[in-house]
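Asker: The primary structure of each chain is shown beneath.
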Amino acid sequence: MRHIISILMENEAGALSRVAGLFSARGYNIESLCVAPTHDDSLSRLTLVTSGDEFVIEQIVKQLNKLIDVVKVQDMADTAHIERELMLVKLQAFDAVREEVYRLADIFRGQIIDVTESSYTVQLVGPGNKLDAFIDALGSIPVVEIVRSGALGISRGPRGMLVPEV
Amino acid sequence: MELSGGEILVECLKSEGVDAVFGYPGGAVLHIYDALFQQEQVQHVLVRHEQGAVHMADGFARATGKPGVVLVTSGPGATNAVTGIATAHMDSIPLVVFTGQVHSALIGNDAFQEVDNVGITRPCVKHNFMVKDVRDMAETIKKAFYVATTGRPGPVVVDIPKDVTDPKVKIPFEYPEKVAMRSYHPTEKGHSGQIRKAVDLIVNAERPMIYTGGGVILGRAGDELTHFTKKLGYPIVNTLMGLGAYPSGDKQFLGMLGMHGTYEANMGMHHCDVLIAIGARFDDRVTGDLSKFCPHAKIVHVDIDPSSISKNVVVDVPIVGAVKSVLTEMIELVNQAGGAKKAQALESWWDQIEQWRGMKCLDYKWSDEIIKPQYVMQKLWEVTKGDAFVTSDVGQHQMWAAQYYGFNKPHRWINSGGLGTMGFGLPAALGAKWAYPDEEVACVTGEGSIQMCSQELSTAFQYHLPVKIISLNNRYLGMVRQWQEFFYSGRYAMSYMDALPDFVKLAEAYGHVGMRIEKPADVEGALKEAFAMKDRLVFMDFQTDPEENVYPMVPAGAGLNEMILV
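Residue numbers (this note's numbering), protein chains in the order written: chain H, 1 to 166; chain F, 167 to 732.
Some hints here could point you the wrong way.
[To be verified] DSSO-like cross-link-like pairs, simulated, lysine-lysine; straight-line CA separation at most 27 Å:
{"no.": "1", "chain 1": "F", "residue 1": "508", "chain 2": "F", "residue 2": "397"}
{"no.": "2", "chain 1": "H", "residue 1": "66", "chain 2": "F", "residue 2": "355"}
{"no.": "3", "chain 1": "F", "residue 1": "232", "chain 2": "H", "residue 2": "66"}
{"no.": "4", "chain 1": "F", "residue 1": "526", "chain 2": "F", "residue 2": "575"}
{"no.": "5", "chain 1": "F", "residue 1": "344", "chain 2": "H", "residue 2": "66"}
{"no.": "6", "chain 1": "H", "residue 1": "72", "chain 2": "F", "residue 2": "671"}
{"no.": "7", "chain 1": "F", "residue 1": "490", "chain 2": "H", "residue 2": "66"}
{"no.": "8", "chain 1": "F", "residue 1": "355", "chain 2": "F", "residue 2": "298"}
{"no.": "9", "chain 1": "F", "residue 1": "232", "chain 2": "F", "residue 2": "490"}
{"no.": "10", "chain 1": "F", "residue 1": "490", "chain 2": "F", "residue 2": "545"}
{"no.": "11", "chain 1": "F", "residue 1": "545", "chain 2": "F", "residue 2": "417"}
{"no.": "12", "chain 1": "F", "residue 1": "417", "chain 2": "F", "residue 2": "355"}
{"no.": "13", "chain 1": "F", "residue 1": "671", "chain 2": "F", "residue 2": "700"}
{"no.": "14", "chain 1": "H", "residue 1": "62", "chain 2": "F", "residue 2": "396"}
{"no.": "15", "chain 1": "F", "residue 1": "685", "chain 2": "F", "residue 2": "545"}
{"no.": "16", "chain 1": "F", "residue 1": "308", "chain 2": "H", "residue 2": "66"}
{"no.": "17", "chain 1": "H", "residue 1": "62", "chain 2": "F", "residue 2": "355"}
{"no.": "18", "chain 1": "F", "residue 1": "308", "chain 2": "H", "residue 2": "72"}
{"no.": "19", "chain 1": "F", "residue 1": "477", "chain 2": "H", "residue 2": "66"}
{"no.": "20", "chain 1": "F", "residue 1": "575", "chain 2": "F", "residue 2": "458"}
{"no.": "21", "chain 1": "F", "residue 1": "508", "chain 2": "H", "residue 2": "72"}
{"no.": "22", "chain 1": "F", "residue 1": "545", "chain 2": "H", "residue 2": "72"}
{"no.": "23", "chain 1": "F", "residue 1": "507", "chain 2": "F", "residue 2": "490"}
{"no.": "24", "chain 1": "F", "residue 1": "417", "chain 2": "F", "residue 2": "508"}
{"no.": "25", "chain 1": "F", "residue 1": "298", "chain 2": "H", "residue 2": "66"}
{"no.": "26", "chain 1": "F", "residue 1": "458", "chain 2": "H", "residue 2": "62"}
Keep in mind that the hints were calculated from the coordinates and are not lab data.
Only chain H is shown next, with the shape it has when bound in the complex (with noise of 0.2 Å):
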């Protein structure tokens, strides 16, 4: 099943790469990745998606705990939340095609942000799989390049992540 694991760490050089290390070394896969500053300048917040079944992933959260930089560790999927992705899709646009990625991005709610010629750049907020459908509805228009953010996810309610007191 796929997982959103938010990760608060410290601000700190290297922080990262224990991430990164640590999926590589035990094999855990990450389908996406996203990480910056927040609110707190001793902080960086990290959103990874992985995917296994509730071992795999009680020992992914086990092990990310175990890493000193990190501060904690919240699966998202153990609580109501919201989750959006940002994508940009360059697309090849001529003729009706025009028209067409037009409606699609309307129906999307998405926003077209560059336009030339012969190309459409889409921007599209949403879950992942919103990303997905859209790209799906895309049918045979000739994709350029597509960028995505990686998800991220916020639970919902008042509450935020806690840091431990020191």
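Chain H is fixed; fit chain F onto it per the hints.
Answerer: This is chain F only, laid out in the frame that chain H set:
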């Protein structure tokens, strides 16, 4: 007090109570060596190869329970240390390893003797740091010792660029008394509800088995384990890393389990109904085929590392906590429950175990002509009264030492169990001897392993570390040969040690005593003679049966009940 980075490092070592550093100098650590040179409290042991330095610190740590400290230079100094660091990591041994690094301004420029130490060691340390500013030195070292020695212990690398130890840059020094890390909180105390649940299962067991590993030794819980086991009257088995935690001479002890464990230990594991795993990690050499492992058992698992629990074998009652604290609580609850409840079932369980024990699986064929390696181990035990520190290398001799040298105390059996590092034995023995100069220290090795770190014979001479080397020389890489005999139709690819040196002369060349022993009748006398030479390192080159195999054996992929006996 204003100090340079190098001086701060030395002061930190003093504050941590470190009295010995094992290391080898080089360009990037010259400032540190200069600071070490100008004081006497922290002694330095100069090795002949950085791998030896880490194994020596490791042997020191395993013998004493204190962290071992290593100092090596950048580049090849650090890469040579990696095997030692990985060895300590696999066996959870607390080490603090200082590696030199090139000047900060040169990092990333492919400078002379530059490697990415933090990157190279990352997968084989508990944690590592680079000190980028001399003002961070003291706090980083404090954290390094804290992380290395608490929770599940392990090696920590501290990488120090040369400019950070510049003697011209002096700053006020104060060693922090406490360390606070919001991301690191090892669990000490087990969950009371889980402990109660476990004890309920334990006292009602009909065919119980206690299975313990290196965690009991690292957690200094030998006394608690012995008390717990005696109180219940249950059979107990130890892993390779756990030997000595429970007195091997006791009748409840069934020996080592696993690939070369005893028949009674492995059959007991296979047939038990409650398995009590304490400080052990269900390693593949212990479990055999996982699908056939303990098929009838409810499993209780006590471990300080949550990631060890249900990693290989899914357990019924997990308890995360320090084994000493959890065992203390368990003993209390067992007492309250009035001990084991199923007396009748236990009696027939013991009858069954005695039948298995009656197979005498460790018997071997005696020979008047050729020395049997098992016999050397038995005589080593007798001559040292079972009370020596015994280190080993890796291979057949390691298994024979584990099987035939009955360990009665924790910390006395020192071997590379997880990584299986040939070359470990001699430097580890020197580290143990450094810690306990008045105790007997024996290094059990083979003619293959000893040549992987034999340069440390020179260190032994320089620092007067008179250990006894028991080399079981069968002219083969014995364990490789054994597998080739069993599983490769006797095609002995590269397992024959051709062109061996004269080990007697080798020992003598380094200033030690060498002995070559060829006849079974001479074994005991030679051992007595060697151990009588209290102040000399004696290299004993026993010419043993080249075709002797380690039995019993669970072949790879088999269940513990599918042993080859002879």
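Asker: Under the constraints set out in the numbered hints, which ones does this structure not fulfil?
Answerer: Per hint list: 6, 8, 10, 12, 14, 20, 21, 22 violated.
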